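Student: So the protein sequences, as listed, match chains C and D.
Quick note: the first sequence, position 91, residue 91 per the numbering used here, numbers continuous.
Quick note: the second sequence, position 315, residue 1315 per the numbering used here, numbers continuous.
Everything labelled a hint here was simulated from the structure, so no lab data went into it.
Nothing here was measured: the structure is a model prediction, and the numbers come from that model.
Residues from chain C shown here face chain D by an in silico Cβ test under 7 Å; the list is partial: (1) 246; (2) 250; (3) 254; (4) 260; (5) 263; (6) 264; (7) 265; (8) 267; (9) 268; (10) 269; (11) 270; (12) 271; (13) 273.
Quick reminder that beta carbons are idealized off the backbone N, C-alpha and C, glycines included.
The lines below spell out each chain.
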Amino acid sequence: MTTQPNDTSLATADESATPSSRSGSGPTGNVGRWDRLGSAALGGILLVRGLRKRSLGGAAMALVGGALVSRGARGHSHLYRRLGMNTAGDEYRDAGPRTDPVTVERSITVGKPADELVPYWRNPERLSQLVGHFADVTTWGEDRYNWRVYGPFGQTIEWDAQLVSDRSDAEQSDGDQPDATHSDDDLHWETMEDAPIPHDGTVEFRPAPGDRGTEVTLRVQYDPPGGTLGTAVMRWLDVAPDVLVGTTLRRFKSLAETGEIPTLEANPSARGAGDLI
Amino acid sequence: MSMRALCWHDVNDLRVDDVPEPELVNPRDIVLRVTMTTACGSDLHFIDGYLPTMREGDVIGHEFMGEVAKVGRKVEGVEEGDRVVVPSFIGCGSCGYCQGDLWSLCDNTNPNAALQEPVLGDTTAGIYGYTHAFGGYAGSHAEYVRVPHADENCFHVPDELDDEQALFASDAWATGYMGADFCDIEEGDTVAVWGCGGVGLMAQQSAALMGAERVIGIDRFPERLRLAEREAGSETIDYTAVDSVVDALKAVTGGRGPDACIDAVGMEAHGTGPAHAYDRAKQQLKLHTDRGEALRQAIVACRKGGTLSILGVYGLMDKFPLGIVMNKGLTVRTAQQHGQRYVPDLLEYAAEGEMDPSYLATHELSLEESPRGYDLFKHKEDGCVRPVFVP
Ligand SMILES: [Zn+2]
Ligand SMILES: [Zn+2]
Chain C
1 MTTQPNDTSL
11 ATADESATPS
21 SRSGSGPTGN
31 VGRWDRLGSA
41 ALGGILLVRG
51 LRKRSLGGAA
61 MALVGGALVS
71 RGARGHSHLY
81 RRLGMNTAGD
91 EYRDAGPRTD
101 PVTVERSITV
111 GKPADELVPY
121 WRNPERLSQL
131 VGHFADVTTW
141 GEDRYNWRVY
151 GPFGQTIEWD
161 AQLVSDRSDA
171 EQSDGDQPDA
181 THSDDDLHWE
191 TMEDAPIPHD
201 GTVEFRPAPG
211 DRGTEVTLRV
221 QYDPPGGTLG
231 TAVMRWLDVA
241 PDVLVGTTLR
251 RFKSLAETGE
261 IPTLEANPSA
271 RGAGDLI
Chain D
1001 MSMRALCWHD
1011 VNDLRVDDVP
1021 EPELVNPRDI
1031 VLRVTMTTAC
1041 GSDLHFIDGY
1051 LPTMREGDVI
1061 GHEFMGEVAK
1071 VGRKVEGVEE
1081 GDRVVVPSFI
1091 GCGSCGYCQG
1101 DLWSLCDNTN
1111 PNAALQEPVL
1121 GDTTAGIYGY
1131 THAFGGYAGS
1141 HAEYVRVPHA
1151 DENCFHVPDE
1161 LDDEQALFAS
1171 DAWATGYMGA
1181 DFCDIEEGDT
1191 VAVWGCGGVG
1201 LMAQQSAALM
1211 GAERVIGIDR
1221 FPERLRLAER
1231 EAGSETIDYT
1241 AVDSVVDALK
1251 AVTGGRGPDA
1261 CIDAVGMEAH
1271 GTGPAHAYDR
1281 AKQQLKLHTD
1291 RGEALRQAIV
1301 ACRKGGTLSI
1311 LGVYGLMDKF
1321 PLGIVMNKGL
1331 TVRTAQQHGQ
1341 RYVPDLLEYA
1351 AEGEMDPSYL
1361 ATHELSLEES
1371 PRGYDLFKHK
1381 EDGCVRPVFV
1391 P
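Please take these sequences and the hints and turn them into a complete structure.
Tutor: Here's what the structure looks like:
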């Protein structure tokens, strides 16, 4: 990702106190990339540990973690850049609702045909496994899912989502956006009314060249929340979706290819058992 | 249940602690009772603080063997009581990389892939006891260790082999062997190997086994040079005793230079002269984390069109003479070890008496003594090549 000259984002401002700030450096930067890796790593650990702890302390951990991941991964805040904002955080506290949606998109290649992969995203148990690092998913009624995400501010964010298209009803869909590159296997869901963070998502399946399997793209588009949820959520949302979307795809690939997801559950250390990431 | 394990607490602070015993978590896991485990030069990178993402209390160690203690419900071909050696990088056996025998590139064994991606643009396989970016798995310097995808990662040790004969197939031997394999050795070839530590010695012996006409080992420690001569049958160069390693290599190869050069040193390279001073100063200032003397010598010494096989572990070296590589048409081959591809062959060589790496185990210590073992190893005291620990 390139750094725009005028990209004085929140994350950059936050880290300007540290000697490893990326601001002012060229594309190669003098921020040791190891240092950025260190930030990302530690941040990732804190972020996800925080999410798993489902508590106020966990929330703080997740926040610090998120900031570190952000710094480690990019050194700047893409959400704020997308929103065209370049001043410090306090100004957002009472900001009104945003209208610009934010899109997070990642792809992965899985060595299986699409028809074996689609069920992972429809079956609530499988889906719960894929997103088990940050959420629980249950189903109520056909193609309706309840999501509970354990947020960084000591609360549960909960919403309902509905699958609005899949192969079975592709024929009936009025095809509002016909696109030859999309296969009939693609899944699309939308949040239902009253979702605290309205969003929609798509999983696309395309055959990979040769015998490489299927290219799977997960795209989540959401409207950033307004003032009621405040800066903490904004910051969290700036980093979490990117990490969570990428990690969800990796977990999906591992489960589909090997039947299990790599884990540090019960992992021994002098800190105790388990490094849940 | 708790067990004893060697843990990293801070830079240059290793301690043996009580930690929880590992459990079966995924269906293809086993829990291994470690019977022998060894220190590796790459451990020094995080012990010295050059490699980030260690956390206080991490169990270290990645080169090991043992006896299977518990078996997950979906494991096939591995049973309780089996004596096995395990490669340090964890493969899944199913992804495209494992299927292509590129096991250290496995897509499915690093739970912390998100931490590597910002730097590498992708992820490596997970590894035991070697930072959180490389997976965060508890290491092998412990009484027990969890081994994921056991059917792909456990290799049965023939009864006639001692632990010392099989242990190094886990990493040092497989790495050295892979480095020699990269050289596509042909009749009459001369192979030069920088470093006469565990991996360098294994690379030299493997090169000879693959039919190299001459193998030249380069180091500065007299006892390591003697081992290279005695055990690997190598010629040797003490780089502190010559003005120029490159000139010395040219002199013994009729001016051509070695057909293949193996770097088994990595970022801990010691050297002499201004280039070394420059590297060391930058490393101490943390401006970059690599010294690259050995690699630079190898690039200049190598014959035109030759092969550069890089086994040393590097960080993000910012000064690499690519122009020389390009103008001399060198082929660069490198990887973390694809152990699963080589271990069966190595165990067969050992069983047939064609190669015996047990001389690397210069010091056998209990787990309780392992911090002292790392001291001996790091400072190369008392002729230490590899300390092995028996938990
Ligand atoms: Zn090693
Ligand atoms: Zn794999």
